[in-house]
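These protein sequence lines map, in sequence, to chains C and S. Numbers in my numbering are just positions in the first sequence, counted from 1, shifted up by 1067. Numbers in my numbering are just positions in the second sequence, counted from 1, shifted up by 1067.
Just so you know, the hints here were simulated from the structure itself, not pulled from any lab data. Being a predicted model, the structure only gives us computed values, none of them experimental. Be aware that one or more of the hints could be misleading.
Unchecked claim - Taking CB as the label site, the calculated pair distances span:
1. C/E1187 / S/S1202: 29 to 39 Å
2. S/P1121 / C/E1491: 18 to 28 Å
3. C/S1340 / S/R1189: 26 to 36 Å
4. S/D1272 / C/S1340: 42 to 52 Å
5. C/E1195 / S/D1335: 28 to 38 Å
6. S/A1495 / C/D1107: 31 to 41 Å
7. C/G1200 / S/G1433: 36 to 46 Å
To be verified - Mimicking DSS-like on lysine-lysine, the simulated pairs with C-alpha atoms at most 25 Å apart in a straight line are:
8. S/K1435 / S/K1390
9. S/K1348 / S/K1467
10. C/K1513 / C/K1348
11. C/K1315 / S/K1315
12. S/K1513 / C/K1565
13. S/K1348 / S/K1400
14. S/K1165 / S/K1390
15. C/K1390 / C/K1400
16. S/K1565 / C/K1513
Glycine included, C-beta positions come from ideal geometry on N, C-alpha and C.
There are 2 protein chains.
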Amino acid sequence: MIELRSYVCGSWSAGTGARQTLVNPATEAPLASASSEGVDLGAALQYAREKGGPALRALGFAGRGALLRAIADAMQSSRDELINLGIANGGNTRSDAKFDVDGAIGTLLAYAELAPTLGEARMLTDGEGIQLGRSPRFHGQHVLTPRRGVAVHVNAFNFPAWGFAEKAAVALLAGMPVLSKPATSSAMVAHRIAELIVEGKILPDGALQLLVGRPRDLIEHLGAQDVLAFTGSGDTGELIRAMPNIIKHSVRVNIEADSLNAAVLGPDVEPRSDMYELFLKEVVRDMTQKAGQKCTAIRRVIVHGGVAEEVRNDLAELLAVVKVGDPAEEETKMGPLATASQLADAREGVQRLGGKLAFGSAAPVGSKGFFLSPILVEGPGAVVHEREVFGPIASLIAYKEDPARIVASGNGGLVCSIYSEDQEFLDATVAEVAPFHGRIYLGHPKVELSPGPGTVLPQLVHGGPGRAGGGEELGGPRGLAFYLQRTALEGSRPVIAKITGAKQP
Amino acid sequence: MIELRSYVCGSWSAGTGARQTLVNPATEAPLASASSEGVDLGAALQYAREKGGPALRALGFAGRGALLRAIADAMQSSRDELINLGIANGGNTRSDAKFDVDGAIGTLLAYAELAPTLGEARMLTDGEGIQLGRSPRFHGQHVLTPRRGVAVHVNAFNFPAWGFAEKAAVALLAGMPVLSKPATSSAMVAHRIAELIVEGKILPDGALQLLVGRPRDLIEHLGAQDVLAFTGSGDTGELIRAMPNIIKHSVRVNIEADSLNAAVLGPDVEPRSDMYELFLKEVVRDMTQKAGQKCTAIRRVIVHGGVAEEVRNDLAELLAVVKVGDPAEEETKMGPLATASQLADAREGVQRLGGKLAFGSAAPVGSKGFFLSPILVEGPGAVVHEREVFGPIASLIAYKEDPARIVASGNGGLVCSIYSEDQEFLDATVAEVAPFHGRIYLGHPKVELSPGPGTVLPQLVHGGPGRAGGGEELGGPRGLAFYLQRTALEGSRPVIAKITGAKQP
Chain C
1068 MIELRSYVCG SWSAGTGARQ TLVNPATEAP LASASSEGVD LGAALQYARE
1118 KGGPALRALG FAGRGALLRA IADAMQSSRD ELINLGIANG GNTRSDAKFD
1168 VDGAIGTLLA YAELAPTLGE ARMLTDGEGI QLGRSPRFHG QHVLTPRRGV
1218 AVHVNAFNFP AWGFAEKAAV ALLAGMPVLS KPATSSAMVA HRIAELIVEG
1268 KILPDGALQL LVGRPRDLIE HLGAQDVLAF TGSGDTGELI RAMPNIIKHS
1318 VRVNIEADSL NAAVLGPDVE PRSDMYELFL KEVVRDMTQK AGQKCTAIRR
1368 VIVHGGVAEE VRNDLAELLA VVKVGDPAEE ETKMGPLATA SQLADAREGV
1418 QRLGGKLAFG SAAPVGSKGF FLSPILVEGP GAVVHEREVF GPIASLIAYK
1468 EDPARIVASG NGGLVCSIYS EDQEFLDATV AEVAPFHGRI YLGHPKVELS
1518 PGPGTVLPQL VHGGPGRAGG GEELGGPRGL AFYLQRTALE GSRPVIAKIT
1568 GAKQP
Chain S
1068 MIELRSYVCG SWSAGTGARQ TLVNPATEAP LASASSEGVD LGAALQYARE
1118 KGGPALRALG FAGRGALLRA IADAMQSSRD ELINLGIANG GNTRSDAKFD
1168 VDGAIGTLLA YAELAPTLGE ARMLTDGEGI QLGRSPRFHG QHVLTPRRGV
1218 AVHVNAFNFP AWGFAEKAAV ALLAGMPVLS KPATSSAMVA HRIAELIVEG
1268 KILPDGALQL LVGRPRDLIE HLGAQDVLAF TGSGDTGELI RAMPNIIKHS
1318 VRVNIEADSL NAAVLGPDVE PRSDMYELFL KEVVRDMTQK AGQKCTAIRR
1368 VIVHGGVAEE VRNDLAELLA VVKVGDPAEE ETKMGPLATA SQLADAREGV
1418 QRLGGKLAFG SAAPVGSKGF FLSPILVEGP GAVVHEREVF GPIASLIAYK
1468 EDPARIVASG NGGLVCSIYS EDQEFLDATV AEVAPFHGRI YLGHPKVELS
1518 PGPGTVLPQL VHGGPGRAGG GEELGGPRGL AFYLQRTALE GSRPVIAKIT
1568 GAKQP
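Bound-form chain C, shown alone (with noise of 0.2 Å):
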């Protein structure tokens, strides 16, 4: 059994005391362990800011870029290593463990790429320069410089790698230095990531902690300059928001937690089209691919009541096909949920939700592993807009006239998805919705190789109001904001244009 370590201050721990199993949640076998205990949390922060922070904002936006894309080399290296961990620790399939790691070396790539673009400045513009005066001279600038803290993450389950990249690349990128922790459950991807940017010696020391464990004490020493990015769950969310430091200092808090996704299918949507099977391609896909436990994936497939059976019965056919296995063997297209208390939410929530079985059912499936089958739910209880049932699971909604206002009913998602080829629909549609949701995705199945509503892009944000946390990350450029200071200059414009390194007007 592997001994799972924290790095911080520079070296490895083991921890003390107690120790956590991580196994495998298709065979129940252990194959680690972790414990945090002993670990100092406040002096691992204070690493980060005296050591990371300064050889990090040394570096410059290209030189920061150039420690991403040495991350991504190394773990594109490593890939194959990287996808069994996946699939013995996360349940995942072949695919669903392509899927994260692919996903985490793609961001990491992205804001590679994107580094470059951001000039050699030592801060960075935002805007242009504002006369403020009648003349000229009188000048403002806004600009963008890094915290002077340390980046915490708070990583969920289900995407060991994603998660760890698609937060870290910001945040190097912007300039500061990172202690992320993944899920104990399943942080064998993650854990193998850093041993892989330790080893290479990739980063400066500092630039990158992990914490493998429980995160004890590690938020109640955050202050002003430092931020916390957390993806979970939203009662965990709401724990973080309500510490006294939090509150106290005005930490920067970034959440994406519950979100009951919707797939809208238009009333213009005939049965048998081309977007009807893109429609019912995507939904199947977020009911299985990783069992569903992807934070963007549709939970409410949404259809006019005319085609409601239709697509009932489409969905339940497609859902037979699925097999449900251990994703060590190959012809397994779903894996089991990822903890014995993800299951047991699962099957509970099942419950909450009422209405009717379409297809699947909450039963155990086998004696050993964490296994459900895919679950349909028809005409489920206004709960269905309350609660996210994390698994393959999703429920059938008949609509009459204003699918938008069901969908809004979830007060604040991630992503919502639009399937319809009437214009009208469509404009109504998204303006209505869009309030509620960081991300509206529109099937077209003209568009080539769409990667679907559950896949999060690096160059469009992800996040959400209400529900989902309120937060917002990616988007390109736009994520690093949250790592940045925005300050705006005011003076002469010539002093300003030294300032910032612009070239002189």
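Dock chain S against the given chain C, drawing on the hints supplied.
For chain S alone, kept in the frame of chain C given last:
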């Protein structure tokens, strides 16, 4: 005595029960009374969401910009009346009251002028379109749409006109209805502005509501599509952030709180130079304008040890000629503090600062009114970096070589001003203090009619990290983002172009 009323759900309501009394802070004469008891605040918010929001959104940016201009015009027409209310109810000198009213009008006009530049599309685009796939067909475009809730504005007592206008201008232009709650003690100016808007039928029904008196359960009704912008003490800001519904629904909150604004005199600046004289003038202005009751006022005067004595003597000399008295009298240069509790708080704060009084005293001035002399503290204790004493009080701090470190120990502020002509010193100091501030003002004697660091400009962001609340207002178009939801549209390029109303590619 005037009975102030709240304007909610389309009508005026004087409230019931016990009333708070508003006084003239120079004479303590009662001027008006206020009560919010019996006002149904949940209904008021719902009214804004159902009536005001749709009406504002239907107008588009240019239409809403025209509304701002109409508000500015109405205020301009009643400018003398508003100024006189500020003098009577705010303890403002005529110059102070003009600063408030003209600041309000200027900010409304600045956003009115911004409006036509935002275009007439049904949603605002954010950045360029993004090619997401190998072919240009798979496309991304970020858009901004108005949130579907209500913008609640809780303002501080010191700028009843400007505070109202700077928040309302941005929210209304963004397309969100406003419920504005002025601080009760100085509410007469904001109350009169609301009357002018209602009497002139300037805004659509529900677009602006006014709450006079205690906020009661106002904030408890806020949900995921609402936003709250608060200006006031850090303590109240913390209470707001900790409220369960604010946390649960990820309600967007902007807090502008305490700030220990520093003015740094560079080691190169010789006494009697133009830069030195500008520095003295701006320190004295910030200490005495509005009796030092500006969130942006200089609290920490940080000068090289070699000139500290000279600066102290020069400031004392300039402060000695500032005539403190009833602002109704023309020769008065500085009025009283706004309330008895502000006076008590300021006097206690001076005691807490420790050090030596280089000018003034915390003893009562006269037997009526909330007067205090300007006070310059020399060599204060470390509490100077923690406690904002909100009155005509500044502390003189001598540095040997690293003023930026002293500035940063304030742990986040609204504005830092730097007076130097040594470009190397400016480069280094700006780079060090920028992450801790929302604005850096560079003193320059050749900049015509410099407003000094204490003036908030609509074109530049106003807010600051850490102690200052972590918020950001204004900044030209940047301010709109708080009231808008950013959404990534992902799909076929021509479909997205039609939705956003952009020209077809």
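Going down the list of hints, with the structure as the test:
1. Checked against the hint of 29 to 39 Å, the C-beta distance between C/E1187 and S/S1202 comes to roughly 33 Å, which is consistent with it.
2. For the hinted restraint 18 to 28 Å between S/P1121 and C/E1491, the CB-CB distance of approximately 19 Å keeps it satisfied.
3. The given range of 26 to 36 Å is respected by C/S1340 and S/R1189, whose C-beta atoms sit roughly 28 Å from each other.
4. Separated by about 44 Å at the C-beta atoms, S/D1272 and C/S1340 satisfy the suggested range of 42 to 52 Å.
5. Between C/E1195 and S/D1335 the C-beta distance comes to about 30 Å, which sits within the given range of 28 to 38 Å.
6. Checked against the given bound of 31 to 41 Å, the beta carbons of S/A1495 and C/D1107, roughly 32 Å apart, stay inside it.
7. The hinted range of 36 to 46 Å is satisfied by C/G1200 and S/G1433, whose Cβ atoms lie roughly 40 Å apart.
8. The suggested pairing of S/K1435 with S/K1390 holds, with an alpha-carbon distance near 16 Å, which does not exceed 25 Å.
9. Among the hinted pairs, S/K1348 with S/K1467 is consistent with the structure: their alpha-carbon atoms are about 23 Å apart, no more than 25 Å.
10. This hinted pair checks out: C/K1513 and C/K1348 have alpha carbons roughly 14 Å apart, not beyond 25 Å.
11. With a C-alpha separation of about 18 Å, the suggested pairing of C/K1315 with S/K1315 holds against the 25 Å cut-off.
12. For a cut-off of 25 Å, the pair hint linking S/K1513 to C/K1565 stands: about 17 Å separates their Cα positions.
13. Proximity of S/K1348 to S/K1400 is assessed by CA-CA distance (about 14 Å); at most 25 Å being required, the pair is judged to hold.
14. Distance check on the hinted pair: S/K1165 and S/K1390 sit about 18 Å apart at the alpha-carbon level, within 25 Å; holds.
15. For a cut-off of 25 Å, the pair hint linking C/K1390 to C/K1400 stands: about 5 Å separates their Cα positions.
16. Restraint check: the Cα-Cα separation between S/K1565 and C/K1513 comes to about 17 Å, which is no more than 25 Å; the hinted pair holds.
Checked against the numbered hints given earlier, the structure satisfies every one of them.
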